[in-house]
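Asks: As a plain string of letters, each chain reads:
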Amino acid sequence: MPKDGGIGASTKRREDVRFLTGKGRYTDDINIRGQAYAHFVRSDMAHGILNSIDTAAAEAMPGVIKVFTAADLAGVGGIPTGWQVTDRHGKPMQEPKHPVLAEGKVRHVGDPIAVVVAETLDQARDAAEMLDIDITELPAVVDMRAALAEGAPKVHDDLTSNLCYDWGFVEENKAAVDAAFASAAHVVSLDLVNNRLVANPMEPRVAVGDFEDHSGNSTLYTTSQNPHVIRLLMGAFVLGIPESKLRVVAPDVGGGFGSKIYHYAEEAFVTFAAKQLKRPVKWTSTRSEAFMSDAHGRDHVTKIELALDADHNFTALRTDTYANMGAYLSTFAPCIPTWLHGTLMAGNYKTPLIYVNVKAVFTNTVPVDAYRGAGRPEATFQLERLVDKAARQLGVSPVELRRKNFIKPDQFPYQTPVAVVYDTGNYDATMDKLLELSDHAGFAARRAESAARGKWRGFGVASYIEACGIAPSNLVGQLGARAGLYESATVRVNATGSITIFTGSHSHGQGHETTFAQVVSEMIGIDAGQVEIVHGDTSNTPMGMGTYGSRSLAVGGSAMVKALNKVINKAKKIAGHLLEASDEDIVLKDGKFTVAGTDKSVDWSGVTLAAYVPHNYPLDSLEPGLEETAFYDPSNFTYPAGAYGCEVEVDPETGKVTVLAFTAADDFGNVVNPMIVEGQVHGGLAQGIGQALLENCAYDAEGQLLSASFMDYAMPRADDLPMFKVDHSCVTPCTHNPLGVKGCGEAGAIGSPPALVNAVIDAIHGAGRTDVTHINMPLTPARVWSALN
Amino acid sequence: MHNFQFVKPTTVADAVAALEHDGAQALSGGQTLIPTMKQRLAAPEVLVSLTGIDAMKGVCKGDGGLHIGAATPHAVVAREAAAYYPALAHLAGHIGDPAVRSRGTIGGSLANNDPSACYPSAVLASDAVVVTNKRQIAADDYFQGLFSTALQLGEIITEIRFPIPERAAYVKFDQPASRFALVGVFVAKFAGGVRVAVTGAGEEGVFRWKEAEAALSAGFHMAAIEDLAPPKQRMIGDLHGTPEYRAQMVKVMTKRAVGAA
Amino acid sequence: MTKVSMTVNGKAVSRETEGRTLLVQFLRDGMGLTGTHVGCDTSQCGACVVHVDGVPVKSCTVFAADVAGGHVTTIEGMANADGTMGRLQQAFQDCHGLQCGFCTPGMVMSAAALLAVNPTPTEAEIRAGLEGNICRCTGYHNIVRAVMQASGQASAAVAAE
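Residue numbers (UniProt numbering), protein chains in the order written: chain A, 1 to 789; chain B, 1 to 261; chain C, 1 to 161.
Quick caveat, the hints were computed from the structure, so don't treat them as lab data. All clues given are correct.
Some chain C residues near chain A, calculated using beta-carbon distances under 10 Å: (1) S43; (2) Q89; (3) C103; (4) T104; (5) A124; (6) H141.
Okay, derived cross-link-like pairs now, DSS-like style, lysine-lysine, Cα gap no bigger than 27 Å in a straight line: (7) K455(A) x K251(B); (8) K11(C) x K23(A); (9) K66(A) x K38(B); (10) K251(B) x K656(A); (11) K3(C) x K38(B); (12) K8(B) x K3(C); (13) K8(B) x K11(C).
Heads up, the beta-carbon is just placed ideally off N, CA and C, and yes, glycines get one too.
All chains should be built: construct the whole structure from the sequences, respecting the hints.
Replies: Following this line, the structure appears as structure tokens:
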């Protein structure tokens, strides 16, 4: 019998009612009396010297309040970077200034040059056409290898080159890895590209700045996954506003997928301009603007090699990756190809020796940062494509080659050669589950049926492991993080027993309002309807780091559990007083405190009322009230893992790939709301399939963005995807957080691209075309056809 | 977008008069024009909506074949042409998406003559007649290259007259992002011969593939295409497909259209 | 500025508008009906779909003045008379057919338009009917299930389940 509430129940989402009736409150729905509208004027050139901007004609246009350029932003700092990566020679990365508005140069199409603020948005846009901007175009660097060539144009004149860093990991292992390759029985290598993507949450970014003259307080309403991080970065580094004078609110947010983690120039601008102009200033991105101003994702070019012994044991792995940073360093950018990528190169395997080299490169393109999975999809794609290629090259089953090299259940905790320690897992179990659910046994018959229709059918698998629930602060601090990565929660128990939770996490589709309440309901034994979850406003939530990296439940939920335990401990003391018993003898069950072994009891609400009406209360030893805050800093990452299977049909005449079935067997540890977990996997799969089949953010050689709208950037649509089979019944609970949970938000996007590409290669090989060993994503009809012809 | 004066006449004569203003532009369903105006790539001073002219709407059987009012939305054509000209109805029912089909019109599509639009292929393959407020234009004379037509300034398409072929089919291979035709082929078999029109592929917009027409007129079966060289027209090359790829897809889609007809 | 009148969710409304005022601006800025969203500027995403005279329309790609006199229904007009969610809305909640909620109003409006002309669509017909609505969160799986449920077909007809 499934539960209808508490942990493990597929409770329907309470937030849905407002979204389904048009009552959601997104940032663009916020209009403040007297607000002005900001229109950003952006570079249409990839690279150029900004000689002059004549604003006079624009400022004379109807409704224009002011035209801002960099010269008007004196005293405003650059947009900061949250990570410092040290390269293989011990040198810090090169870190250029990222101005709010372009200073002296434009460095990518979309780089903001000026802002027109006017009474209406149309007036701002009309006036923008009157700006006289003089730019001398410079040659652009787009290709990463070309950007590193001798004499290449420099994106930043004050840096020594376009190389941000040259990172080696683990540098000390390099010689041993090379030696293992020299003595290997088999070496398999693969060159591949992890295609640049645009996150494209359906809600474009919006920022509304407000300023209260009499108090000097600033407020920013913004489409953010982490309002406290924005307050910290913008307040401390860009605008010089103390936290006490700055409130950041992220109300309902229409998806993020990473792209709304970062602190963006537009946020700083509207906050700054509101203060300058003493009136609210609103900016709403168009989708076209989003394509050239939201941070992009992925964009790696990699050579990866695997060494095997004669028995097909993996003996060493070596990779050489170029990672595109774009024109500036976005908030998390330096850590994505390093600490969220290199550390995952062991995958599910016991490869003893690994060396990862990453060269991060500046180019005249939009900055690149985390996008759903962030580093882990890149690692998984390389590894799982390579293992598949190895199996084909060696003439063994891709499934069996994986199994042979899997870390086995009795080997946990498992220290990988790339720093991280996996706490728990069972990779054979998810592989077994995948093969069962995908009816692997029936594949041959299905392939024959396709062949009879002139189509080529293929089945591909991929294993994945990821590290999420970021992150242990002391560890990431050593790795270059400039912030802690704990999470926070305040549990406010109200006098009549209802509970308000203030979480530092942020929900932009994940359903915290429902799932967090389920956890509270389970722990206290009251109805979830008595629990309210508050998030997204720095004025009432404790300092928290927000939602990304599949961390909300594993880290934010753990903070909440910790605070709830403090509440429960105090409540037991109150109950003990009321029941004239030792608090050690008090048991809380189903919303009632009982003296163990007796029928003496007091209800939850009796205790909470006593806390606020302390007439009969141990005031000598206990404060009144019942409200606790906790900060939780995880001791390790969590390691969700699983096995994914994709079945495709290739039309050899057109190259079109149709995804017929996709099966995901995940181990997420314990699950609070299965319905929501499955929804997260569905969404991740769609984005992973999108990457593998459809999505490609492309630039031409001059740095012009070719896929600049949904007309050319192919988003997965309903008819591109099949129904999914997802399973999370293989459970190895996380060993180091109180709920035993791992995180499920990114897995789908991590494991699916290699499964799909492996399936296409399988289809092509099944038709006898074993000469085709790899096709770069996205596997568009034209690319597949070209590979075949 | 720039502001403009919006007028919505109810007769063709009033529309023609309104279009005589400097900077006037006709608006039909707006599914292409409005996004273009948002990008400020078009900035009419007067926008003359044609959707209020009842005489320009509707589907009916006439002596010239099937007559379709130029302001008839795709969804209506998909529904009402089905009994007379299923291939045309099928084409209309697969343009854009349901909401686009509610607004977008056949006349708007033809006046714009986007190289990836579906309708031009049907008009050309059917040897349809484009009727305007001034004259009747044969399909072969109407399409004059990329976004270019025989229409003169202020001339409005009022109706399209489709001869109904014995057999016909339209096969569209989608551009994966926009869902416009990467390659679309309309094949129409008449008693007097076969016409094959290709959209999405040619650098000069919709074109007839005359070699295929000759081969199919000699024998209307898929095998007739097999040994043909791809059409000689210059093909579009972009993010979604090279010219070579498009040329090959013209062959594949033609074959499939013959199979489906 | 010209006066544009229409009926929105059963209520007659009238506002001074510019020629360039889009229907979505009329609804959101003029009437405060912020349930209709704008997710793109190329008429691709469908977050802005409303019904005009009973058919689905992308309200970001039609001028308010061009639908003067028409009957417009938005997501705010989809609830039952007693204020509870309509059958389709309820199915979206039951099936977890939404996550961030941003595409949801347009998705519901397009699904409603589909069911109006095809009361018992197949899975393929649902997917085709929602071709003009992009959702970045759900992978569409649960949206398809929701439309199935709302059409009284439970989820039995969904192949992979």
